[in-house]
Structure formats: structure tokens, C-alpha cells
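Asks: Residues per chain, in single letters:
Protein chains: 4
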Amino acid sequence: MMKVIKQPGEYSYVYSRYLDPIDTVKPGEEFIVHTKDAFENRITKETDLPSEVLDEYVNPQTGPIYIEGAEPGDTLVVDIIDIQATRDYAVSAMIQDFGGLTRTQTTRLLHDPLPEKVWIYEIKDNWVTHNESLSFPWRPFLGTIGTAPNLEAISALVPFDHGGNMDVPDVKPGNSIHLPINVEGGYFYIGDCHAGQGDGELCGGALEIPAAIKLKFSLRKGKTIEWPRIESPDELMAVGSARPMEDAARIAYAELINWLVELGWDELEAYQALTQIGRLHVGNMVNPNYSLVAKINKEYVYKGRNKA
Amino acid sequence: MMKVIKQPGEYSYVYSRYLDPIDTVKPGEEFIVHTKDAFENRITKETDLPSEVLDEYVNPQTGPIYIEGAEPGDTLVVDIIDIQATRDYAVSAMIQDFGGLTRTQTTRLLHDPLPEKVWIYEIKDNWVTHNESLSFPWRPFLGTIGTAPNLEAISALVPFDHGGNMDVPDVKPGNSIHLPINVEGGYFYIGDCHAGQGDGELCGGALEIPAAIKLKFSLRKGKTIEWPRIESPDELMAVGSARPMEDAARIAYAELINWLVELGWDELEAYQALTQIGRLHVGNMVNPNYSLVAKINKEYVYKGRNKA
Amino acid sequence: MMKVIKQPGEYSYVYSRYLDPIDTVKPGEEFIVHTKDAFENRITKETDLPSEVLDEYVNPQTGPIYIEGAEPGDTLVVDIIDIQATRDYAVSAMIQDFGGLTRTQTTRLLHDPLPEKVWIYEIKDNWVTHNESLSFPWRPFLGTIGTAPNLEAISALVPFDHGGNMDVPDVKPGNSIHLPINVEGGYFYIGDCHAGQGDGELCGGALEIPAAIKLKFSLRKGKTIEWPRIESPDELMAVGSARPMEDAARIAYAELINWLVELGWDELEAYQALTQIGRLHVGNMVNPNYSLVAKINKEYVYKGRNKA
Amino acid sequence: MMKVIKQPGEYSYVYSRYLDPIDTVKPGEEFIVHTKDAFENRITKETDLPSEVLDEYVNPQTGPIYIEGAEPGDTLVVDIIDIQATRDYAVSAMIQDFGGLTRTQTTRLLHDPLPEKVWIYEIKDNWVTHNESLSFPWRPFLGTIGTAPNLEAISALVPFDHGGNMDVPDVKPGNSIHLPINVEGGYFYIGDCHAGQGDGELCGGALEIPAAIKLKFSLRKGKTIEWPRIESPDELMAVGSARPMEDAARIAYAELINWLVELGWDELEAYQALTQIGRLHVGNMVNPNYSLVAKINKEYVYKGRNKA
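Residue numbers (this note's numbering), protein chains in the order written: chain A, 43 to 350; chain B, 43 to 350; chain C, 43 to 350; chain D, 43 to 350.
One thing to keep in mind: the hints can contain errors.
Identical chains blur together in the list; that is why a pair holds if it fits in one copy or across any two.
[Unchecked claim] Derived pair list, reagent style DSS-like, types lysine-lysine, alpha-carbon separation capped at 25 angstroms:
no., residue 1, residue 2
1, Lys45, Lys87
2, Lys345, Lys166
3, Lys340, Lys166
4, Lys256, Lys45
5, Lys214, Lys258
6, Lys68, Lys340
7, Lys159, Lys258
It should be emphasised that the hints constitute simulated quantities derived from the structure, not laboratory data. Nothing here was measured: the structure is a model prediction, and the numbers come from that model.
Produce the entire structure from the sequences given, and follow the hints as far as they go.
Replies: Right, dumping it as C-alpha cells:
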């Protein structure tokens, strides 16, 4: 029977090695993790004002999960096999001082805050529907996923080199996420499942759902990466998370160049190839770091080369 | 016979109302414009060092073209009908202090400059090929297109609210570009054709070609827009150009919200829709302003509404 | 008798070589220029709403003034000898979508604009006074000063490598401003005098005054600089103008290193010296480019060296 | 006899509530803390290459120190009474990928790293001297100071709302630093003493010294602040730490406005006052967040008001 992991007590609001693992998973084993939505499942109707129903912290994570055999310097590969909503509705909301077109904690301005607002969406027949205009296909993915840093405990709202709150729609079933292992056992966390999201997560709230996620871990022993990578059946991707946004773009493309160099490319030839065929889109433009995704189609990676 | 416009004397390196129009075009009339490549057609082989063969200014523009009947406050719609290369090769190059992963004139650092480097690509059978690895499909578009500002004369290297050097691959045959008219006659400029380019134009040089471009103008009298827009058969898009990159993202999405509001959407409902289904990719990350493109599929624009 | 230059017709809203010089000045000659305030002297009482009394453009400049003998590649040194207000009051105002703690044209947000507001200050006995709390010493300087670019015509609101709207309080009597000469005759412009200003010009409106300014030009023939510099009796300074603000900081310090290298310093030793004794403050945080000023006291420049 | 606190075991490289306090201090009590230099005292001569002698982490902190009676929601006021170097030399260094004019971990570029370089300075007679050119007055201050966040453990290299690695020269003897208390006991950390530093800490290494620092704590019970503040005999200051740098500037001035509002000012009048008389300089332009300091002279704070 497949292992099912549910958070035994309080969820975590940090990616931290300072917490006790809630479970242990072996590489190669398929298992299921249950997550709450980013609002802790507290918003259930459109009259629930976020400032009233939410607690101090949001974006609860399931974890840490101990990965058997994981050691600093390894790379964790997470195959996302399946995502199921564990509720028949999704929630989006504008919460104060959070979003892409509002003042925030750091972009401090003298304006009054934007209004709070909640949208409830029904999930049915592979569509997520609020009303006739706001009706979108079911495209589930994981907003927040990562491993513990070695030294820091990083808020679950922050994406950085350990993964975290990247809000990148490419973290979806069928794709593999590569994450650095910084501590023994890796201390894996996951949460913030979305029934769908546009690039940028503009208002700050995607189609938030609690979920049951089927995963499989594998380890690349002694293989070190600096920033998260994603492999889809067709593409190689690297995710950079930083501010200002151009630094996230630089990281994403520089890391993708690194990946190509590992596959045998010359650095400047890779720079040239990505100039002509690379793609670069915005994962989030709302979190403490912005996340950008640089991609290349595998067709252009392996042309004129032996397949890696 | 179709009107063919070639630059009679010197090309222009600015988007300026202070130059004399080289020709006049009527709305509704199809015509052809010839452009040089961004390197002024001066790089013809891989041993041509940019610092030696290039002049002080690059990115020569054909124009200004006077648009009959255009008045400040109108919107110009440019249908891009066709692009033909007027040479059988494309050129990419790393030029000093220009590019996405290098120090620049404003990101001033103490490093030595990166090396200069030239790649020549053959154009043949709808492919653009340097060698077996660097071989890409023919996907032509216009890197630089726009109208004159009212007051300023803006370098042809700079994208801003008048259009200019956006380097957005969606400016391609089959799509319509909407540009603000700021001066009587509009003073349209065009140049910098690319045989293809990835998002970001990473090394600073796309697949640069001289070209013959078939266009048609139409005017929306008295309809004012603040930033360039693009309409494809399937999508509505807005382009924001600014630094830091997050400001370009904010402009792009804010303008797309404006467009939806003009089509009958409520502002916060549009903010919500773009959160869930909008897309946001990078046109350029190398020019004095970065250009980002926000998009929405028309299917989601007109759902639950009468078609506009 | 001293030459007095007043704008003969319309003021200029651009730094442009495309306008006709209004007068010619010889290096070495002291002369007086009259300028309007940044609001075109249109705000005269606190009930004057900027959105009603102001025209489309603000920040009118006196110029262009032709500098005899100035050629591209020279450096212009402007000695600011004296500034006199030509009115007994100064004006500050919050105008819409302009300022350090508000949404702007490029930091586009969904907030309503901040309110408009005007403050009138009496100038008397070397104090500038609105009420008991808002009363500041008379510390006049020039907000906008520069030469024409070679190619572009740049809005008088924008600071860049030609000078322009830097809003740097060090541009004051007793100091010398070094500006690049880009076109024959230099095409000097000046305007936007302030009776005083804090670092950043936070709300977007300093203590704006019309003024009579006594200046003297000198030329350093064949000496090229890339960005404006300032010399006070005690300090050497360089001004960088860019976005994001860290790029303005990089430019300012990199240019000051260049200056030290010209004076005989080793580059990395200059980098070290500025690390320990350099100063870096914000001129403006409100204009299309931010301006930062890097400084070093001359005592540390010439220590252990022959005085330059 | 005065309490003297030395780190009993390993120094800390994070601002963390997850470590055990090394000592307890009562408000009102003067005490002395010993700190290592930012390089862990490992660089002792100019041939010590940082990449060889430094360990994985730098900037060791003394702490956490438990503050008796401190509760979340209080403000800690730290009087800096005295700083003594505990060594007769200071060290500055260029370490790889760290500094204001170099590529970094997030401003990722394809350049080779800048060279490593070490400067040793003798401390004597209130001067800090490397050679005749590099000789600066003794102006000691604390580069890193702060309290533990509630949730996160933040690297000692990062400045944010808890204080941390601000590298602000105003954190000096005679001044008081106000810090938020986020956890019971506050968990105070301190380190990174500098014998002097210019604005920005340009090359990334100030005049680094180990030190004995005399401090006194006091608590403002139930008084909450959002970002660090500094009070000198003459000035009120607020420190903002963020990227891009303009966000650090916005935070600093917005917080200083908040302070003035607490003292009875109207918000827009405070915005106006800081426009005309505020000062804004750069603490650091090298750390993961930039730190900017906004200031106002007390003379302008209390004019026309009863002294607070």
C-alpha cells in the first residue's frame, strides 16, 4: 500500500532544518503527500475577509520529510506524478499589501491599501469556474516545493536557491524538479497547490487548493546544482529567484547555460543558442523574490550531439 | 503596383519628429519597406570584429514615414503582412558591454569586457543555420518599430511607450501592432528585422537580417493608447518597457487590464482573470529598457460576453 | 556690462541639438541666465491645482546657449557663481503620479492617485518659510543643467550622462560642474532652480523658484568625460543617473574611480579608498532616472601624492 | 564589575531563535561584548587568499543574548557607549563575487571573477593606515546588529527589518539603535565591527576588526516598530533594507515619516518636510539587501512643536 503523508501537528511556515522530520521516504518509492491551501483552508466563502480569517502566517507547508540517503552535495529529483484536489473548490483572494499591482511591505508608498476581495471557484469536469467570465481549465501544479537550506530557515513565502515559493506552473505532473540537497536527509517541504495560475500570479492569489500529491524521489549522488531545475518531456528549464527581476532573469539563463555546459556545450555557444531559441517567462511577480524560468527545447539541446 | 520604400539617404538612429519624412503612406494601402540589419549590414564574415567594422551608432531605421491623416490622439494599427530577407544569411554577434550576462554602460563593473564574437547563419529552406547545433527555424519578426514621440528624439536602441527597440517576437507576420500617434503624420520608423530570436535576446544580437517588409496601416481616429499593444489571431497583448524589469511587467499587465476594461470588464475582475490565465514573457533583457509582453487568449476575453 | 540671457520665446522642454541657440557665450566670460521655476511660474497660490494650472509639459529650460569653441570630446566646466531668486516665494507641490512614495507612469499600480497639494513658502532673510514647522534655510542650487546629446533630444525631466534633471544639491554656488560636450557649440540648457531640497526630492517638488544665475564657462579641450562630475572646494564628485537605483550607484562610484585613475591612482587602490572613505547620497529618487552622487574629500585624494 | 560576554563556543552565522542564548542581560545594565571580525580573524597578512583561508561562512556573530523582560511587540533600544579594537590592525579584502562593482551570486554574468586582494591596516593614534594614500581616521561602528526574527533564521550577511548586516556607519558610539523585539528575550546578536567605512562599503570589505563593545539595553514596552531606527544627539534616522535599492529608499523615508507622525506630524506635512530637509545616504550596496538611511535633523522635527 502506498505511503500517505499528512502533517501530524502544526504545518510549517518555514523551510528549516531546525524542525523534526514528520516522516522518512526512500528514493524510488512512490508516495502521497497531503497539503493545505495557501490560506490554510480558512477562506471558505466570498464574505470571508482575509484580514479577519487569516492568521499571522500563510502558506502552510507539509514537512520536513526526511529523504533516506540524501547528503549535502547531492541533487534531489522529484517526479511529480499526480495532483488531486481534496476539495471541490478553489479560492483566490486579494490580500492587503500583496500582489503585482499594489504597494507592498517593501515597495512602500503612501497610498491606501487596495480592497480585499475573495473569489470562490467550483472545480468540476476539469474546469475551475467562478462565473461565465472567470472559468479556466484544470492545470494543477505546486506553488511551493523545496529543501531546507543549510544555515537559514527561510519563510515559506520566499523563493530562492533552495526552491520554496517559486509559483512556477511548470512544477506540474509529468515534470521532474531538481533541487539541491543542503543537509543530511534533505528536509523536503511541499505546499501551496494551485488548480491553475497565469504567469506572474498577478493579484497574489492563484486558484488555491488543498491537494493529495503523488511523488517519487530519486537522488543524484555527488551531483551539485546551485538553483532549481525542471525537466519536462520536451524541455530543460532553470528557475532564478531574486530582486530586481532582471537578476532573476540572469540567474535563470546563467544556470541553463551551466546545464548545457554540463551536457557538453561550449559556454559561449550555449549563450548564443539561448539567444536564438531560449524562452523566458515569469513564474511570480508577487513574492519577496521574483521567479523567472528560462527554457530550451530538448530538440535544440541534443542536435548535433549524442543524446545525453 | 505596390509602393516600395527605401531609405533615400542616411538611415536614422533616432525616433524623431525633427527629421523630414522620406515618404507618405495612406491608411489601407499595402506597401513594402526595406530595412538594413541592426549592424548596418557591415558584418559579413566571422572575422569582422564589431568594434572595428561598426560605426558609432547601430540599429539604423528606415523612416520617418508620414501617415496620411494621422493626428495626435489617434492609434496606428500596423498589419504585418510579410517579411522577406533580402540576403541569404543572418548575423549574430556579441558586441562589447551589450547583452544580458555582461556588464553594460549602466551596470558598471570593474570586470574586463567579454570577448567579441560573430556568428554567420545561412538562411535556406526555412532554416537559419550556423552549424549542426546552432540551427533554428525561420521565424521572422521586427525588432524595432514605432512612431515619433511628441517632444523627445529617442535612440533607436531604446524601447518605450512609442514602441522602438522592443525586440518582441510577437511583432510578426499575421499580427497587428497598435502604436500611439503623438505628432501629425505619426512619423513611423521601422528596422532591426530578425530571422528569429529567443525570449530576452540574451547575448544582445538576434539573427539579424536586412529585409523587405509588407505592411498596411489603419488608423483608429481619436482612440488613444498609452503603450504599444499587439493583436494576434488568438491573443491580446500589451508591451511594457522600463527598468527595473518589474516595472516593465507592471506596465504590461496594467495596460492589458486597461484593454479588458475598454472591452467591458471590471478592473478587479480583469486583475483576477490575468492572475489565473495571463501570460508574461520577456521580449528583451538587453536594451536600455527591458520589454515584457503580457498576453491573454481571446477565448478568455470574450467568454460570457458579446464578441467586441 | 555683464551679459544677461533671457529666453526670447518659448522655453524648451528638451535637451536637444535640434533647436536654434538663443545666445552665444565665450569661455571665461561671466554672465547671467534667467530661468522660470519647474512649474513654469504657473502655481502662485495654494488653491492652484497642478492638474488644472499646469500645461502638458513642465520643467522649462532656458537654452540652448551656444558655447564658443566647444567641440565634441571637450569637457565643459561650469562655475556656478551666484543664484538669486527673482521672486519672493518658492513653491512645492505634489503632482499626480510623480514622487518617491507614489505610483508613477512606470511603477504602475491599481491604487487611486495620491491627492494634489501645494505649499507656498516665503523667501526672507535667508530662510524659506511656509509655517513654523516647514521653515528651511536658503540653500539654492540648480536642479537641471546640461548639454545636448549628439543624437537624442531628451526630456528636461530626465537625468542621464548629459546632465539634465539630476536634482543634486551639490550643483550650487561655489562648485564647478563638469559636463560632456557632444555637439559643436555644446548647446547648454539650464533651469529648475531650487531654494533648497533634501536628498531624494521626496515628494517630487523641491522649493521651486525662478532665478537669475551667474555662471562662467571654461573648456577642457580634448578632455572627454562620460558622466557629469562636480568639484567643490573640498570634494570630488561623480553623478550617476539610471534605474534601478543600484545602477546609478555603480555608475557614480565607477566614474569617481575613473577620476582617481586619471589623477594617478591604481584602479583597485581607488576601489579600496572609496570603500573606506567615499560617500554616496541620493540626489533624486523621483525622476525617470534616479541620480546618485559619489564623493571623496580631496584630502584623501592627494595624500601621498603631488597635488594635481 | 561590568559583565563581559564572549562567545562560549561556535559563533553564529544566522540571526536565529533556534539557538540557545549564551547569556542574559538586564535592561539598564552596561556590559561589554566581544566580537570577531567579519573574516573570523582568519586573514592576518596580505598573502592570505580569502578563498583559501576563509571557511564556508563569514561574518560570525556573538549571540544570541537573552534580554530580560523583552517580549514580542516591544522595542529594544541599544545605546552604543564605546567600541575598542582588540587587535592593532584592521583588514579589508576583495572576496570573490562580493562587492559593489562585481558580478555576484544573483547579478550573474559571464565575466571571470575579479581578483582577490587583501589590505592590512595598522591602527594607531586614532588613524587606520595601510600606506600614505590609504590612511583614514578611526571611526568605529557596528556593521551587524539585530534581534532574531520570529519565524525565520536569517543569514548574518543579510540586513532586513530585524537589523542584521546593515553596514550603516551611524551605528556608532553615542547613538541609540532601535530594534523590534520579535521573540521572548529578543535574542540579540552583534558582530562585524568596522574601524571605519565609506558609504556603500564599496568593495565589500570595510576596515574589519575584532572588538570589545560597551552597550546598554533599554526596552520600550508595547511600542512596536517595523524597521530599525537610529537616534543620534542631533538626528532621527530610519534604515530600509531591500532590493532594488529604490525599495530600500522608500522604506527608509516611509518609516521616518511614520516616526514623525508618532511625534505629532501630519503625514503629508512630514512628506513635505523630508522633501526639503531630509537626507538619504547608502549604508551598503554589497549585501543581499541594500541598506539606505533616511535622516532628519531634530531641529526641524521639533520646530513649532513642544519637544517630545
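Asks: Compare the structure with each hint and give your call.
Replies: Results of checking the hints against the structure:
no., hint, result
1, Lys45 x Lys87, "neither (33 angstroms within a copy, 57 angstroms between copies)"
2, Lys345 x Lys166, "between (42 angstroms within a copy, 18 angstroms between copies)"
3, Lys340 x Lys166, "between (34 angstroms within a copy, 22 angstroms between copies)"
4, Lys256 x Lys45, "within (10 angstroms within a copy, 56 angstroms between copies)"
5, Lys214 x Lys258, "within (13 angstroms within a copy, 42 angstroms between copies)"
6, Lys68 x Lys340, "neither (30 angstroms within a copy, 46 angstroms between copies)"
7, Lys159 x Lys258, "neither (37 angstroms within a copy, 44 angstroms between copies)"
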